[in-house]
Structure formats: C-alpha cells, structure tokens
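Residue-level listing of the chains:
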Amino acid sequence: MTATQKGMFVDTSICTGCKACQVACKEWNQLPMEDQEAVHLGNAFLADSYDNTGHLSATNWRHVKFMEQFSDDRRTQSRWLMMSDSCKHCVDAGCLEVCPTGALFRTDFGAVDIHNDVCIGCRYCVGACPFGVISFNDKFDGTTGGPHMVKGTVNKCVLCSDRVANGLGTACAKACPTSSITFGNLDDLKRLAASRIQALHARGQTDAYVYGWDLKAEGYDRPSDGAQDLKVVGGLNVFYLLLDKPGIYGLPAHDPGLPQKNILPNAGGALLMAGVLGIAGVASFRKRRMDAAAPAAVE
Amino acid sequence: MDLQHSDFIVFMGSNMAECHPVGFKWPMKAKAKGATLVHVDPRFTRTSAMCDLYVPIRSGTDIAFLGGLANYILSNDKYFKDYVVNFTNAPTLINAGFKDTEDNDGFFSGWDAAKKTYDRATWQYQRNAPPPAPAPTGTAEQHEGQEPAPKPVAGQSVKGVNWGTEIAKLLPTFPKEDRTLQDPQTVFQILKRHYARYTPEMVEKICGTPKDLFLKVADIITSNSGPDKTGAFVYAVGWTQHTYGVQLIRTAGIVQLLLGNIGRPGGGIMALRGHASIQGSTDIASLYNLHPGYLNTPSANTTHDTLKNYILTETQPTSFWSNTPAYVISQLKAWFGANATVDNDYGYDWLPKITADHSHLPVFVEMMDGKIKGMILTGQNPATSINAGFTRKAMRNLDWLIVRDFYETESAAFWKAPDVDDSSAIKTEVILMPAAHVAEKDGTMTQTQRTLQWHDKAADPPGDSRGDLWFWWHLGLRLKERYASSTATRDLGIKNMTLDYDPEPADVANWRIKDEPAAKKVLWEINGFNYAKDWKDRTLLSTFTLLKDDGTTAAGAWIYTGVTPDKNTNRAAMTSGKNDGWVSPNWGWAWPANRHQLYNRASADPAGNPWSDRKKYTYWDATAKTWKNVAGDSIDFTATKAPDTKPNPTGIGVAFQSGSDPFILKTDGKGWLFAPVGLSDGPLPTHYEPWESPVNNALYKQDRNPVTKVWDVAGNKYNTFAGTDFPIVISTYRLTEHHLSGVMTRWLPWLAELMPELFIEMSPELATEKGIKNGDWVKVSTSRSAATARALVTRRLRPFNLGGKTVHQVGMPFHWGYMGIAVGDVTNNTSALVADPNVSIHEGKAFTCNIEKATGPSDFLQRARKVPV
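Just so you know, the protein sequences line up as chains A and B, in that order.
Start counting the first sequence at 1; every next residue gets the next number (my numbering).
Start counting the second sequence at 1001; every next residue gets the next number (my numbering).
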C-alpha cells in the first residue's frame, strides 16, 4: 500500500441514516430508480424499519441498513443501528480475481472499477463477492438508466473514479452531513479510525471496533480491551467502525478469504472450455450483450 | 452552529437528525467534545439513535415535563441565582389582584367566560408611584396594573409631530422589585407556587415518562449549567403545533432563564425552522398580521386609524422598539417612494387593514362559506394540509385558483382528487404556472440562524417557468397599468407602489429571459437607502440606527439594514468562512446587525465580566470603556454603555434600562419568566391537554386551553374529549426522505423510492391488541375522515402508563398525496382545524384517532394509483 491508496472510512456510530449518501451516489453517477412502477403501485414498501431499497444492486451502489435493537421493556436494550454499505474495494478482491476479460480492474487509487464495454456478463464476479455487492443489470441501458448502465453487464460502486481522478472525494462522503463517511488516503483514514475507537472506548462504548483492518497489527494506537478489530480479505479499502457483531450488519463474521479458493475449479474449467472452443464462444457471448445494448449505442 | 459549544442539548419537539440533517453536524460536534445529548419524544427516531439518552413522552404533554423541570430547579435551589436576580423579571412584583391557575382550577385571573378572553389587568407589574413634581405626562393607568398602552386621539396627521416628545409622554415609572425574591408577589414566588405540583410523580402520570428518566434529564441539565457550563434546547414544529404551542416554548424559556442559559455561548433555545427560507418569509412577512421587520399589520380593530395613532400604539417607549417611528415611516417610503410625503402620512391610509384572523385555517373556513373567490398559491399545497378533505371541498367554491409550482400538485389537481365524483360540477378556473427552481434565479434565503445567504442564478428556467419574484413584479406592474385611470381611493395603494426593480442591461445580457426583475434592487430596498427618486442617486444604509422618521430614508425591513451597506457590497453573498473563527461573522450575514448570538450582553455578569473563562463571550473592557466580543460577534447592547449605568426614568428606549439589562427588546430589559403582555392565554405556561385527548387534565378541572381557537363547522367535527371512540394518540410528522407535502420529493425518483409509501408507526403491544401485523394495511380514522396506511410495527414506539391507564400512541408522516410518482392516502384527511390562540398554528402533533386492520388500500388510494405518473 502506498500513500496514493484511497478509500473510505464509514463510522457507523455517527451515521444518522439520512440516506444522503444514497441520493448523492445516484445523482453523481446518474443511476436510475430501481422500479418506478413498483413505487407508484405500492409494491415497494418493505416494512423493514426505514429501509425500502433492501440491498445493493446494479442501480443501488449505496444502501443504508437499519437494525432496530429493542428489548420488550425498551430499557435492557434500546438502540437503532444504521450502516451505509457499499463496495469495500477489497485488497484481495474476489470479483477482480475471477473476471475472465479484465472488465474489472484495479485503479491507480486502489479501487476496483469496471469497463462495462469489456464485461461479457458472465457473472462469475457476482458469485465471487463475499459481500453480495456486485450485481447484474438486465433491465437498463444507457437511454433508460444513464451512462453507467449497459444492459447485460455488472455494476457496483466504482469509488467515484471520475471524481477521484480529478482530485475530488466520493460523492457520498461529500454529502454526508455528520462525516460518518470520510474519503481520503488509506493511512489517514486508519489513523482517524483509531482515534474514533479511542474516543468511543473512553466514553465507555467498548463495543466499537474496526471491520476491515486490524489497526493494532497495522501499527495504530487503539485500546487493547473491548471489541477487537477484524481484518478480512487482505483488508478493505472501504472499512467500517461497527458497534455490534458483523453478522448484525449482514457482513461475514470471519475472514472469507479469497472466494476463488472455493470456485477456482469451476473457473478453471470454464477457462479450459474457452481454450478448447476457441475465442468464438466468448466473442458470441459478448455480441449478445452488445445487441442488447444497441439503443445505448445509437444514443 | 453555536450548538457545538453546548454542554447539554435537549432535543424536544424536534427530530433534528431527520428533519434538519445538515445542521445536525453541530450537535454531533458537541457530542464528540463531550456534551450530553438527550431526546425527549413520543417516538424513538433517528435523532434518539444519536443521543446519549432517549426519554419517551406522550404527545402534547411537554408543558408538564418542562414545568416539572422548572419545579425541580426551583425546589432544589438549582437556579443560577446571580443571573436570575439581575437579568430576569424574577424580582418584579405583580399586581396584587393576580390569581394563578393553581388558585383558580386552570384559569388565571381576568377570565371572561362569555367572551372567552382574558383581561390582562391583573397580570401587570406593580410600579413605583410617579414622582410628586413635575406631574407626569404619561397616562395614569400605566402606573399601576396596566400595560403601557397609549390612548391616542383619532384623526391627527403626523405633520409636525416630534416623536421624542410624544413617546416621552408614554413613559411609565419603574416596576417594583424585591431582589431578595421573598415577597409573595414577586415573579419568583409566583413561579414557585405555580409549578409546585409539577413533581416527578405528576410528570410520570401526565407524560407517561418514567420518573427515573425524568430525573436523569433534570440532573443532566442542572449539572451542565451555571457560570462554567451552558446547554441548549432544540425544538421545531413538535413544540409549535399545539393549541398551547407558544406557551410550550415559553416554558423552555423559563427553564433556560432559570439556568442562565440565554444570551450565552452554547446556550439558548434553538428554533429549527421548517424549510430553507421560512425564517426569511417570516422576516419579510408572508404572515397576514405582520409587515416586514415584525411591524404589526394595521388593524381595523385597534387604534390604527391614522399613522400617528398606529405608531403611538405600536411603539414601546422603554425598549429598543422605541425606534418604531423611523422603521414604520422608512418602510412606507420604501413602498411608495416619491408618492409618500409628510402631507399624506407617507401613504399609510393606502394600506389595507386586517379585520380578523386571516391566517391559514380561518381562510379555508371562509372559503367554505363562499366568502373567498380567488386564491394564488405559491409553493403551498393546502389540498393535503390540515383537515385536507375540508380544505379541498372549500376550494371548490373558488372562482379561480392560480398555482405556481414545479409539478401539477394535489392543490392544482384538487378538482380531480380521488374523492371527487363529478369534476364537471366544479367550476373553478385553475391556472397552473410553472415555477423556477432556486438555482434558476437570484435571491437570498434566510436560514434558521437568521443568516442571509445569497444565491446567483445559474441557468434560465426552462420554457415558461419563471421565478416568484418575476411573477409578483409583473403582476404588480400590470395591476398598476389596469388601475392607472381609477379614481377610487381604495386603488391608491396600487397606483402609488414604486416597484422600481427594472434590470440593468448587464444583469440580463447573458440570459434568455430579459424581463427578470433585479433581485439585488429588491434587497437594496429592503436594506434601505437615503431617499432619492432614482437608484443612481440612492446611497445604501449600513445600519438601522441611520433610519429616520422624517421621510429622508427608505427601508423595507429595518432588521435587514446593513446586509448591503453599499451597492458594491453584498454581505449575504460573502463566504470567507475558513479562517473566520467559529462565529464566522464574514460568512453570510445574520440579522440584526450581523448579530449571531442574541442578547449576548447576558454572557457577562452584571459588572460586565465574563461569567467564567470557559464561557467568555461578550464582556466590558473597562480600559477601553466599550463592550467587546471574543469571537467577533456584534454586541447586542449599546456599545459604550457601561455596566453600572443607572436607568434613566425620563430616558426613552434603552436609556430607560440600566447597564445590566441585557434584554433590550423587552420593556424592562429583563428576561421574562412571567409575561405580563403579549399572550392571550396566560402570563405563565400551564399544562392543558390537547384539544383531542384520551385523558382528562390531571392537574386542573379545566381540561383544555380555554382560549383555544375552534371552528365548530360542518366537516370539522372534533373527537369526543376523553371519549372511548378514539382512544389512541396520534402525531403527524416528516421524514428525512421527503419534504412537507412531497412536491419537491415524491416526484423525484431517487427520493420517491427511499420512502415509497405512507405508513403508520405503532408499538407491537397495540398491533397485537388490534390484530395487526407488520406491513398490513391499516385504516386510521377520526371524526373528520379516514386514511389507509401500511403498518410499521416497531418497539421504537411504546404504550404509555398514565397512573395505571394505558394510552397508546401512533405516528404518521404526512408527505403523501394523490399525484406524483410515490402516491399515498392523505394523512391530513384525519386532522382537525383547531389552533393556538396566539399565533393560530394548528394542532397536528397531538390529536386522537382509532385504528383497525384493513384489507387493502382505500378506494381513494386505489384511484390515485390509476393516475399515470
């Protein structure tokens, strides 16, 4: 890791669940509403606390989760956790490792970005992401869904690579009113995270820990007692301060490692098959996708 | 911004994290620095989630809770004695005839049961006898037991009037005081008796707040107040929208004055305004009873028949408001220009006078009666507002309706609302005019800290869309044209308006729209100038002390004078905030006089020294013989008036007040624990139940505010008080994801999908009782109407135990309607027209309802869904 590695630190202890990050993400990246008809006809209400988008998807690159934790008497336990989730831009990124065409690639800033025009829509990455982030778009093209949408390809947060390349932070971090989402150099963010852990522990909130990096192992000063940090998949360029177990936030409780450890035999088989059948197979796969995207090409 | 310096913050009547999410960063800063954050609310919201302590309270019982805090402070000697004795009216003696609600079972003295009003004579200060000679020129009734009200003579012109002489005649003598606070008629002793029964046990019984949690709050606010610490209360419409809303906020004022938390850094009562420039539209007067700068609208019901009588009625001789003549005459000069002269009383007679309450609710009652023929709506959507079914029906009586908005709102489409069976029977001519967005026009917004911020036009609005300024200016010009040949007296106001806001060629050179008025000229006129006929000869004024009462100055609103001190300086557009200190005096401009902390003289002790180093703010520099401020804020006091200055019994305005009277807009310079004037429902806040409540008043035989404004008309039936038909308390509110009636959000895809559907929040206990499961359809009904919504069953709500009786509370956001992408039933179909007696605000935060499981959406909603987006 060098000083140019960029990322985000998401401090869930000060997230107010306002969803400004979700809107800023959609506004900057011109992402479409997921299902207008469902909203108009009353089929979009999830009855799941204040969450009505439900999950990360090809059109929802950010998603705020709401976890209500109340005991019957509302005294023993009484809290409402919120967490703004997105792609973690893993150091060992499963999606990137399995991508057969190089459509997924590592940017100069350490983010995982997508060349949608190189994506063949094979969806290996979808299965390879341990966090359920990257998603397949079979609905929108450039006309109906904005510049990022190519029907039959995958989408996810790209760490606002266009903004970052021009010296700006991510749109979500810019919009966050409480600085719950901070964009910056990874080492600065780790230092910030360590200071937040210290401050919260000093206030008695010893259940606060970092998900993504082991700050102590990374050489940062943080209290030894209380909840311990958790490093996963070689580290997360977008990492979190959490107040409860990872599973509560829908995150793997243990380091899932590189997912292709499990799916490599299949991936290998596919590559072998491609070798046997020649490039033609891949080319035709790609052609189908391009046909589907034809209206966008006209635009 | 000042909230970052608070040691405690109590959010009450506010869901700041959700409804003011951007400003919420300041409380979060305070928390990071160690402040204790408390949320007192019927629901556990996103604000509660950010606080150290959440305290449940039944909707509408905040006066009992805050009165309980006042009682705790007084009975445990936790008040800030030096502050209370010197800076508040605690030592002042009240008229011997005063009777409290405690003596009178819920009524103050002066109640007239037939007229349902109070005579305030017994609420007045006792005053010293006038000096024996020379005989005072003030009228006798001011001296004992009467508010200083002049008895002007009708029909005189202002020509030749010396205002100083006239106002001097109105001067009363000083109020009587007992600085030991022992006299039973002192405000302090009256206050103590008034709240003595507001014990933690009583708070629990009325509010449903567990006693231990109440005491925790009491401990947090008292241990974080004093010379060394300060804290703030933060409220929004959760406090205002009650039939005793003004009194509710007054109670917080009492608590904060007792704790010494007013006029000091990190202290105060933060009123969070409803949207971007609602503060600006109160300042520059969208209310029927106010002219810009908080000057009362002339009324046919008081001695406002001539300009002289208006001014003498409105001028407070013993406060900063003694300058009223200059503000009024400068305003008339701004509006009527060269046509306003001393010979015609500056055009005062051309102003229309109000005859009654013409606020939102009674206007729709009059519309229902067919008395109102036309209406222009700019950025307002009454078709989904209070008692929305009544409102929409009333609108059918209009001959014409103009709606200026971004979309075809529910109000523009009222004639085809889902409950209209035959729209051809509605004869109203509806004209929908597309409005421009904020980025498509120049102008200012005044935000919740009274700070004006200028925004430049970034693009022409599309097509025929135009800004409101464009609309009203061109309407004014066309009216002038229409009435040019009229000889009717009533048309003189229109004929004589100046409206000289023509754009300079350079202003519009780069835009498609060439007839856009110059917003900067409007701001210059509001700011004020030395009067000259043409703009080129007008020099702008830098402060309101330069305003004159002789027609040589013009200013639309004295409080804004100084925002543009000259034509090349627009302080509202300044953004040099980076190295500007935490007050940021050079970022935007806060009225009045760029004063960020009001009454900041109170941040120093009576001798002018800071109360503590930690809370040092404004202080007296004895060497330089001037007041100074550590953070660059402007001094809210006469800059060179020494702390030991004695009050002058013949001095006008602040000269009548001493050097240790910080509250210069009050007639005695004191913070008012007890309000002898200004309120129609009592000098002290008293607990009453909401107009609709499932329980009786636990404190008094009088259940409800006796002065409440009620409209006993068809279509506005009230639920039986403390009845069994509608036993559930309901509160309506906003969410982060939507704005007000949703016109700026339900049409926006990115926001519509975040909160797609109207829902009702309820506790699992109530849901079980009613057989309702999470996500089910629920019918919510009142005596007015019903609405269907999806159930959100959550432990964030809870039943209240009121002395053994269980009362359930539900809550519904009010963002939805029958137009747009995200449609829903209209929550306000269920609410009632009923209002606070002082300011006519409705009671949307606490009324009663019943709920039952429904099989699906109402017919109303099903029809709304059929309208394509």
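In case anyone wonders, no lab produced these hints; they're calculated from the structure.
Being a predicted model, the structure only gives us computed values, none of them experimental.
Honestly, I wouldn't trust all of these hints.
In silico BS3-like links for lysine-lysine, alpha-carbon gap of 27 Å or less [stated by the list, open to error]:
#, chain 1, residue 1, chain 2, residue 2
1, B, Lys1514, B, Lys1480
2, A, Lys174, B, Lys1029
3, B, Lys1567, B, Lys1578
4, B, Lys1192, B, Lys1159
5, B, Lys1717, B, Lys1853
6, A, Lys216, B, Lys1548
7, A, Lys174, B, Lys1578
8, B, Lys1031, B, Lys1078
9, B, Lys1853, A, Lys245
10, B, Lys1628, B, Lys1616
11, B, Lys1176, B, Lys1159
12, A, Lys174, B, Lys1025
13, B, Lys1159, B, Lys1033
14, B, Lys1533, B, Lys1521
15, B, Lys1616, B, Lys1029
16, B, Lys1169, B, Lys1078
17, B, Lys1480, A, Lys216
18, B, Lys1373, A, Lys174
19, B, Lys1866, A, Lys139
20, A, Lys231, A, Lys245
21, B, Lys1159, B, Lys1031
22, A, Lys174, B, Lys1033
23, B, Lys1480, B, Lys1416
24, B, Lys1116, B, Lys1099
25, B, Lys1353, B, Lys1081
Hints and how they fare:
1. With a C-alpha separation of about 21 Å, the suggested pairing of Lys1514 (chain B) with Lys1480 (chain B) holds against the 27 Å cut-off.
2. Among the hinted pairs, Lys174 (chain A) with Lys1029 (chain B) is consistent with the structure: their alpha-carbon atoms are about 17 Å apart, no more than 27 Å.
3. A C-alpha spacing of about 25 Å is found between Lys1567 (chain B) and Lys1578 (chain B), which places the hinted pair at or below 27 Å, so the restraint holds.
4. Pair hint Lys1192 (chain B) plus Lys1159 (chain B) does not hold up; C-alpha atoms about 50 Å apart against a cutoff of 27 Å.
5. Distance hint between Lys1717 (chain B) and Lys1853 (chain B) is fulfilled; the C-alpha atoms sit about 24 Å from each other, no more than 27 Å.
6. Between Lys216 (chain A) and Lys1548 (chain B) the alpha-carbon distance is near 69 Å, which puts this suggested pair outside the 27 Å criterion.
7. With a CA separation close to 17 Å, the supplied pair Lys174 (chain A) and Lys1578 (chain B) stays within the 27 Å bound.
8. At most 27 Å may separate the alpha-carbon atoms for a hinted pair to count; Lys1031 (chain B) and Lys1078 (chain B) meet this at roughly 24 Å.
9. Proposed proximity of Lys1853 (chain B) and Lys245 (chain A) is contradicted: the alpha carbons are some 36 Å apart, above 27 Å.
10. Restraint check for Lys1628 (chain B) and Lys1616 (chain B): satisfied, since their Cα atoms lie roughly 10 Å apart, inside the 27 Å limit.
11. Pair hint Lys1176 (chain B) plus Lys1159 (chain B) does not hold up; C-alpha atoms about 37 Å apart against a cutoff of 27 Å.
12. Our distance criterion of 27 Å between C-alpha atoms is met by Lys174 (chain A) and Lys1025 (chain B), whose separation comes to about 13 Å.
13. With a CA separation close to 59 Å, the supplied pair Lys1159 (chain B) and Lys1033 (chain B) exceeds the 27 Å bound.
14. Using a Cα cut-off of 27 Å, the hinted pair Lys1533 (chain B) and Lys1521 (chain B) holds, with the two alpha carbons roughly 14 Å apart.
15. Of the pairs offered as hints, the one joining Lys1616 (chain B) and Lys1029 (chain B) holds, with about 20 Å between alpha carbons and a cut-off of 27 Å not exceeded.
16. Restraint check for Lys1169 (chain B) and Lys1078 (chain B): not satisfied, since their Cα atoms lie roughly 42 Å apart, outside the 27 Å limit.
17. Restraint check for Lys1480 (chain B) and Lys216 (chain A): not satisfied, since their Cα atoms lie roughly 76 Å apart, outside the 27 Å limit.
18. Proximity of Lys1373 (chain B) to Lys174 (chain A) is assessed by CA-CA distance (about 48 Å); at most 27 Å being required, the pair is judged violated.
19. As the CA atoms of Lys1866 (chain B) and Lys139 (chain A) are separated by approximately 24 Å, the hinted pair is consistent with the 27 Å bound.
20. Under the criterion of a C-alpha separation no larger than 27 Å, the hint pairing Lys231 (chain A) with Lys245 (chain A) is consistent with the structure, at around 14 Å.
21. Under the criterion of a C-alpha separation no larger than 27 Å, the hint pairing Lys1159 (chain B) with Lys1031 (chain B) is inconsistent with the structure, at around 59 Å.
22. Taken as a hint, the Lys174 (chain A) and Lys1033 (chain B) pair is honoured in the structure, with Cα atoms around 23 Å apart against an allowance of 27 Å.
23. For the hint pairing Lys1480 (chain B) with Lys1416 (chain B), the CA-to-CA distance comes to about 35 Å; that exceeds 27 Å, so the pair is violated.
24. The hinted pair formed by Lys1116 (chain B) and Lys1099 (chain B) meets the criterion: a straight-line CA distance of about 17 Å does not exceed 27 Å.
25. A C-alpha spacing of about 46 Å is found between Lys1353 (chain B) and Lys1081 (chain B), which places the hinted pair above 27 Å, so the restraint is violated.
Taken one by one, the earlier hints fail for this structure at numbers 4, 6, 9, 11, 13, 16, 17, 18, 21, 23, 25, listed in ascending order.
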